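Visitor: Go ahead and model the full structure; you've got the sequences and the hints to work with.
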Amino acid sequence: MDSNDEIPTGSPFHSGEVELQRKLGVAERMEQFGRRVIRDHMPEQHRDFFEQLPFVVAGTVDSQGDVWATVLAGAPGFMQSPAPRQLTINVPYDPSDPAITGRKEGDAIGLLGIELHSRRRNRMNGNIGAVSESGFTVEVEHSFGNCPQYIQTRNWHALSPEDQATPATEQLTAFDDDARAAISAADTFFVASYIDLEDGRRQVDASHRGGKPGFVRIGDGDVLTIPDFAGNLHFNTLGNFLRNPRAGLVFIDFSNGDMLHMTGSAEVILESPDISAFQGAERLWTFTPQKIVRRKAAFPLRFDFLDWSPNSLMTGDWDQAGQRRKAAEQGSTWRPLKVSKIVDESSVIRSFYLEPVDDAGLIANLAGQHLPIRVQPDPDAPAVIRTYTLSSAPSDGTYRISVKKEGLVSSYLHDQVTVGSIIDARPPAGNFTIDAGERRPAVLMAAGVGITPMLAMLRHIVYEGLRTRHIRPTIFFYAARNKAERAFDDELGSLITAAGGAVRVIRLLEDGEGAEQGMDFEVLGRVDMDLLRAALGFDDYDFLMCGPPPFMQAIYNGLRGLNVTDHRIHAEAFAPASLKRQVETTPGVQLAPAAIKPVAVAFAASGKEARWAPESGSLLDLAESRGLTPEFSCRGGSCGTCRTKILAGAVTYAEQPAFQTESDEALICCAVPAAENGDGPARLILEI
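Here my numbering is used: the first residue of the sequence shown is 1, the next is one more, and so on.
Derived from the structure by calculation, the hints contain no laboratory data.
Do not rely on the hints blindly, as some may be mistaken.
Cβ pair distances, simulated, as ranges [to be verified]: (1) S347 <-> K326: 31 to 41 angstroms; (2) G525 <-> A600: 22 to 32 angstroms; (3) P593 <-> S347: 42 to 52 angstroms; (4) C147 <-> K341: 32 to 42 angstroms.
Mimicking DSS-like on lysine-lysine, the simulated pairs with C-alpha atoms at most 27 angstroms apart in a straight line are [as the list claims (entries may be wrong)]: (5) K405 <-> K338; (6) K608 <-> K645; (7) K597 <-> K645; (8) K483 <-> K404; (9) K404 <-> K580; (10) K212 <-> K104; (11) K404 <-> K291; (12) K104 <-> K296; (13) K608 <-> K597; (14) K326 <-> K597; (15) K338 <-> K326; (16) K291 <-> K405; (17) K405 <-> K341; (18) K291 <-> K104; (19) K404 <-> K341; (20) K326 <-> K212; (21) K341 <-> K326; (22) K212 <-> K296; (23) K404 <-> K338.
As the structure is a prediction and not an experimental result, all values here were calculated from the model.
Ideal placement from N, C-alpha and C gives every residue a C-beta, glycine not left out.
Guide: Printed below as a string of structure tokens:
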């Protein structure tokens, strides 16, 4: 359907929901899903479910058009379904409930049946039928089940009549201290929304929201900001907000029965730095209250907390998000990190866990990115910069680098760094990452310490898959010289178990001495095309690999020989020319030619100048020849450490670097001046 198509009659998704589904690329899938599972009646299991509940969430609209959310309670059986398209709710009229004013015959209503101890929930919307002092009936329009995500489990008990206090109702003009405390401590609230259709019908929806305490932020003017996590993709609530921004919220104190109702306006936010800063958030929405009603001890049930939803534990809170934002505001400056833990992963690989020493959090990384660090192995020599791939996932809340002992800096880390040591670091960077939500299967390939980005990616795939209820199918080939040098065996085993069959790992050893095939490894030898053919059958995959240059080049050449396109093959390379690609030519897209005659180069910050010639090498080589010490690490265009502002002129590269820069930036480790376009003398000015 395009944006002008009418939503078919009977579909539960109308223009607001479909507009948001289209923006997020799921409209067609959700329309098919809706036709399959959303009914115009309640099936038998839904009818039985409502009948055994002690409470139901309801959303209604008053005569001013304000929508309210509330909770109606009674002994199990207070709701009955005499027919598949009818539900009777027997609750006495309570004039203190602001949602009751919308309870008259013909009014639209949205209901959410939710059982906290089992995390079951079903939604139903329709219209109010007969109304009496003892209750009302609802004529069903739509009925459908909901996922169990973000529901904290609780057991309930009813208060005896003598224990029930007389409810006290207060009209608030703004949040007071008690209201702020209730919202800040909440791990659950309910929200109501509605739209008016072109044919005159009104549809009201009642929904649940859950997270860790602190997932609702109170801002200036009592504006609430709420993260929206991965859910069922119906977008009933947010879709309604796009059409009609009116919203009603109710917060319940499950320990004392206090209910905080509010009605006001909502706004959906699809782009904001807060989205990436808040763990698990896929978008945000805000709520501005206009009317607030507090009903103390109005809810006649009490609940004992049992356990957190696993999905809620995979999300963050606004304190954590604020720390991440504060860290991000520091930009690309060096900041001290403390070594909090050191773990020997194998006979040659050691992991270092890093955490901030200040009150700012860690900048969120992408799975597969690397961390530039600065250390001083020799106190009498300048500090040295290196980049190490993070072996931790974005959700882990810490940085972990896993280092093989080979070279100056890695030897320093292994031999001299201890728990409590301080290491300077810049924010994570790099374009070698993975999309955990992609439906296409992924093939990960690692040799030796090349496990580090692959492990980060696999952790991310499994974590995000559990959070969103779809684990990207993944096959992981992991090669090592021998069992002693192979790292992360236990961690990989835990990930395979958690993935429930979605992840398959094939372990290879060059030397199988002391190891048992089938127990310690699957294949003796190296990753090669014969193994890939046998294991994969070559369907449509994304290939990602990291390891020694000969390993990656052989796999790359073999895949290209099987007509796997270059853009399906991704590799991490930390050395110049470590992977030669056979890139498909794109008409009209090519690198500018390099200068073939001398070019004057000015280094603005230092006030030095030099004359570049083709035999001078890279701009980094030229700067070093003038006694300058720009920061660098890979010298191959992969890490971005040497990224430098271009103040005048232009640069080019012999090959397109892996690290992506802005148009006014240069990776000086592999850049050279571009050929001049005019007749005047070429000149390049860099911010060094």
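Visitor: Run every hint past the structure and note whether it holds.
Guide: Now the hints, each set against the structure:
no. : hint                              : in the structure
1   : S347 <-> K326: 31 to 41 angstroms : holds (40 angstroms)
2   : G525 <-> A600: 22 to 32 angstroms : violated (55 angstroms)
3   : P593 <-> S347: 42 to 52 angstroms : holds (49 angstroms)
4   : C147 <-> K341: 32 to 42 angstroms : holds (35 angstroms)
5   : K405 <-> K338                     : holds (20 angstroms)
6   : K608 <-> K645                     : holds (16 angstroms)
7   : K597 <-> K645                     : holds (23 angstroms)
8   : K483 <-> K404                     : holds (15 angstroms)
9   : K404 <-> K580                     : holds (25 angstroms)
10  : K212 <-> K104                     : violated (37 angstroms)
11  : K404 <-> K291                     : violated (61 angstroms)
12  : K104 <-> K296                     : holds (25 angstroms)
13  : K608 <-> K597                     : holds (20 angstroms)
14  : K326 <-> K597                     : violated (46 angstroms)
15  : K338 <-> K326                     : holds (18 angstroms)
16  : K291 <-> K405                     : violated (63 angstroms)
17  : K405 <-> K341                     : holds (17 angstroms)
18  : K291 <-> K104                     : holds (21 angstroms)
19  : K404 <-> K341                     : holds (16 angstroms)
20  : K326 <-> K212                     : holds (21 angstroms)
21  : K341 <-> K326                     : holds (24 angstroms)
22  : K212 <-> K296                     : holds (24 angstroms)
23  : K404 <-> K338                     : holds (20 angstroms)
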